[in-house]
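Protein chains in written order, with our numbering: chain A, 1 to 431; chain B, 1001 to 1260.
Please keep in mind that the hints were generated in silico from the structure rather than gathered at the bench. Please note that a few of the clues may not be correct.
In silico SDA-like links for lysine to any residue, alpha-carbon gap of 25 Å or less [to be verified]: (1) B:K1118 x A:E420; (2) A:K374 x B:K1141; (3) A:K374 x B:N1100; (4) B:K1118 x A:P389; (5) A:K374 x B:K1118; (6) B:K1021 x B:D1069; (7) A:K374 x B:V1014; (8) A:K374 x B:D1069; (9) B:K1170 x A:Q415; (10) A:K374 x B:F1151; (11) B:K1170 x A:R287; (12) B:K1141 x B:V1091; (13) A:K374 x B:E1015; (14) B:K1111 x A:A419; (15) B:K1118 x A:Q421; (16) B:K1141 x A:Q415; (17) B:K1118 x A:E412; (18) B:K1141 x A:P410; (19) B:K1118 x A:Q399; (20) B:K1118 x A:Q415; (21) B:K1111 x A:Q421; (22) B:K1130 x A:L49; (23) B:K1118 x A:E391; (24) B:K1118 x A:K53; (25) B:K1111 x A:I423; (26) A:K374 x B:G1150; (27) A:K374 x B:P1054; (28) A:K125 x A:G15; (29) B:K1111 x A:E391; (30) B:K1118 x A:E228; (31) A:K53 x A:E189.
Covered, in the sense of this in silico footprint (three residues per stretch, anywhere, with C-beta under 8 Å from a C-beta of chain B), are these stretches of chain A [said to hold, decoys possible]: (32) 247 to 261; (33) 394 to 400.
Pulled a few chain B residues facing chain A out of the computed Cβ check, cut under 8 Å [said to hold, decoys possible]: (34) A1051; (35) H1053; (36) L1071; (37) L1073; (38) D1074; (39) A1075; (40) S1079.
This one's a predicted model, so the numbers in the text were calculated from it and none came from an experiment. Backbone N, C-alpha and C define an ideal beta-carbon position, used for all residues, glycine too.
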Amino acid sequence: MFTKEAVEKLSAHLGEPDWMLQKRLEAFALWEGMNLPTTSEEAWRRTSLRRFKLDKITPSLNGGGSQEMPSRVSSQLTETPAGGEIVQVDGDTLSYSISDELKEQGVIYCDMSTAVNEHPELVQKYFMTDAVTADEGFFAALHGAFWRGGSFLYVPKNVQMAAPVHTSTWNASGATFSHTLVVIEQGAEAVFSDEFGSETGKGQFMHNGAVELIVGDNASLTYVSIQEFGDNMFQFTHERGRVGRDGKLDWIMSIMGTGLMKAFQTMELDQPGGWGRMSGLFFGDKRQHFDLDTQQNHNAPNTVSDLLYKGAMKHQARSVWQGMIKAKKEAQKTDGFQANRNLLLESSARADSIPGLEIEADDVACTHASTVGKVDEEELFYLMSRGIPRELALRIIVQGFFDPIMQRIPFEGVQQRIAEQVIEKVGSLVE
Amino acid sequence: MSIALEVKDLHVSVEDQQILKGVNITINQGEVHALMGPNGSGKSTLAYTLAGHPFYEPTAGEVIFGGEDLLDLDADERSRAGMFLAFQYPVAIPGVTVANFLRQSINARRKAEDADDKGITIPDFRRLLKAKMAEFNVDQKFAGRYLNDGFSGGEKKRAEILQMAVLEPKMAIMDETDSGLDIDALKIVSDGANRLKESLNLGMLVITHYQRLLNYIKPDYVHVMLDGRIVESGGPELALELEAKGYDWVREKHSQAEAA
Ligand SMILES: Nc1ncnc2c1ncn2[C@@H]1O[C@H](COP(=O)(O)OP(=O)(O)O)[C@@H](O)[C@H]1O
Ligand SMILES: [Mg+2]
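With these hints in hand, go ahead and build the complete structure from the sequences.
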């Protein structure tokens, strides 16, 4: 049960300092005053939690997931050996490494609980203070109270991280609450891949995560997240990037799993010259339901945001993308782009695409585009007329559809993994 | 001389509307047949039907190709049996590079012959593609571009010839390959088609309504289609006559014949 005692027990189990316990209790107090969202709230209008039974889910008190994981979870995904790797099951770290090179650079990369104990000044400054905050909603507050596991990356001023780092988070026991916190100081550069998965198990699983990406002035971060949870997973996640002056955040995500997922993904361009790109690739089948709520917030002049989300849906799967570009009054000379493209492989699938603009500045260039379409019969015929069988032609078209996003993924290993998942999902559509 | 394609009394409907009303034509290997006729007479319908477009429904007649009834085969099977349609409007496939597409086309052929085939190796494929591109005047940069996506009219038609060169069909249908080409592009494309005809001993059906193309791809026979039928057939001189006199005399002659 999600109780105050459970918060205290969790914090004690993790050996946390009092300030973190207090932070958790504050979040818990907020959460107690909130209700499970219903479709009468605008943000949840298209996603019903009617089937979700939170009372069957327990906090991740002791971790203690089984050690059985598919070998692919911890497998090397990058060509250059990762500079650091964390593999976690149910919030417990199973394996951890960081290269001497990164250590010498002053890079901190460790699991989130270790960071709380070993780097309290940094964690106190950035953890759920400025990017994701507990008051954002029911699941942000629940996360603030019961977060467990995840990883912390800190890259000091002007350091170009010598190699990327890679975290794998596996959910075995049914509930995970991982927290990713990335802080890239002024002039620094980093590449981070964050992977989430589980086997499809019995009953309902929940992943209630948060991702905070803080990019300093002139700094650059490429953050790649790969989600392949089992179909019995309910995922609720709050994710926010903040970009400083002339900073760059290249945020790429692949979403394949869960039965239901609701993600709030926000890019804040806080200082002049900030650049942020959000690229999403998702593929739903069976009865999967993905609800992606994105915001591109231009809070300063001369900022650029560029969002491209591409989704394929088959069977009874449904996706919702609701995207907003906001430009504050002072955010003159900003460019904001958003495009959501959806490909329906069967007429039983559905995609809702809802772009939006809230522009207070008058000298801005903002455009949005959204499309929902079927696989083009003429494209299929063209490929078939060159000897390619129908099912393969369909696969080629779907892969082509995702190619612009794939091209943005900086690792061939990740590209291959996602390509395999796409093939598997297209696979069963043999007419 | 062996028969490449034999079309007998072919009737085709589109959405319950009869478009082809009994087409007969026999094309031998190594022969070039031109098919002319006014807009809307059914030339593209014949081309798409032969290539197996699901939209076009044969309602009577038969088409023999390589000893088989072509109409029983799906579009991909027809291609693998040696049929090639050079499209009037090649379709863009965003996200799929020319190289990837051609490799998949080659592999589909190999796999159909031997289910265990592992496909052409990447180095072999690169070598092949490079050679064909050089031979058929296609810029090497094409390999990495998305298929027909943002191609100019001339580039699209050249890409069709390149595909033909890689797939080595027995029978090629070229639907208005000359449309939208300037004279230089027309020469390059025709030259490619002629070379393939020689090297593969292709049977060719060249659809056009201009004599211009036939100066470069010389037909052995010329046919005129009108309202879903081939109403006139002759030698190359027929194309010159059409160029000089237009189609009105054909129309007149055959509307009279119909009326009588
Ligand atoms: N896809 C289609 N949908 C509807 N009508 C079609 C289609 N294709 C062809 N037709 C009709 O069939 C007739 C023949 O067209 P087409 O074969 O394109 O002629 P051509 O190539 O000789 O100009 C025309 O009346 C045209 O309107
Ligand atoms: Mg035509």
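Results for each hint:
no.	hint	in the structure
1	B:K1118 x A:E420	holds, 17 Å
2	A:K374 x B:K1141	violated, 30 Å
3	A:K374 x B:N1100	holds, 23 Å
4	B:K1118 x A:P389	holds, 16 Å
5	A:K374 x B:K1118	violated, 31 Å
6	B:K1021 x B:D1069	holds, 19 Å
7	A:K374 x B:V1014	holds, 22 Å
8	A:K374 x B:D1069	violated, 32 Å
9	B:K1170 x A:Q415	violated, 38 Å
10	A:K374 x B:F1151	holds, 23 Å
11	B:K1170 x A:R287	violated, 47 Å
12	B:K1141 x B:V1091	holds, 19 Å
13	A:K374 x B:E1015	holds, 21 Å
14	B:K1111 x A:A419	holds, 21 Å
15	B:K1118 x A:Q421	holds, 21 Å
16	B:K1141 x A:Q415	holds, 23 Å
17	B:K1118 x A:E412	holds, 22 Å
18	B:K1141 x A:P410	holds, 23 Å
19	B:K1118 x A:Q399	holds, 20 Å
20	B:K1118 x A:Q415	holds, 22 Å
21	B:K1111 x A:Q421	holds, 23 Å
22	B:K1130 x A:L49	violated, 56 Å
23	B:K1118 x A:E391	holds, 18 Å
24	B:K1118 x A:K53	violated, 48 Å
25	B:K1111 x A:I423	holds, 18 Å
26	A:K374 x B:G1150	holds, 21 Å
27	A:K374 x B:P1054	holds, 17 Å
28	A:K125 x A:G15	holds, 20 Å
29	B:K1111 x A:E391	holds, 14 Å
30	B:K1118 x A:E228	violated, 29 Å
31	A:K53 x A:E189	violated, 42 Å
32	247 to 261	violated (count 0)
33	394 to 400	holds (count 4)
34	A1051	holds, 5 Å
35	H1053	holds, 6 Å
36	L1071	violated, 15 Å
37	L1073	violated, 11 Å
38	D1074	holds, 7 Å
39	A1075	holds, 4 Å
40	S1079	holds, 4 Å
This entry does not satisfy hints 2, 5, 8, 9, 11, 22, 24, 30, 31, 32, 36, 37, going by the numbered hints stated previously.
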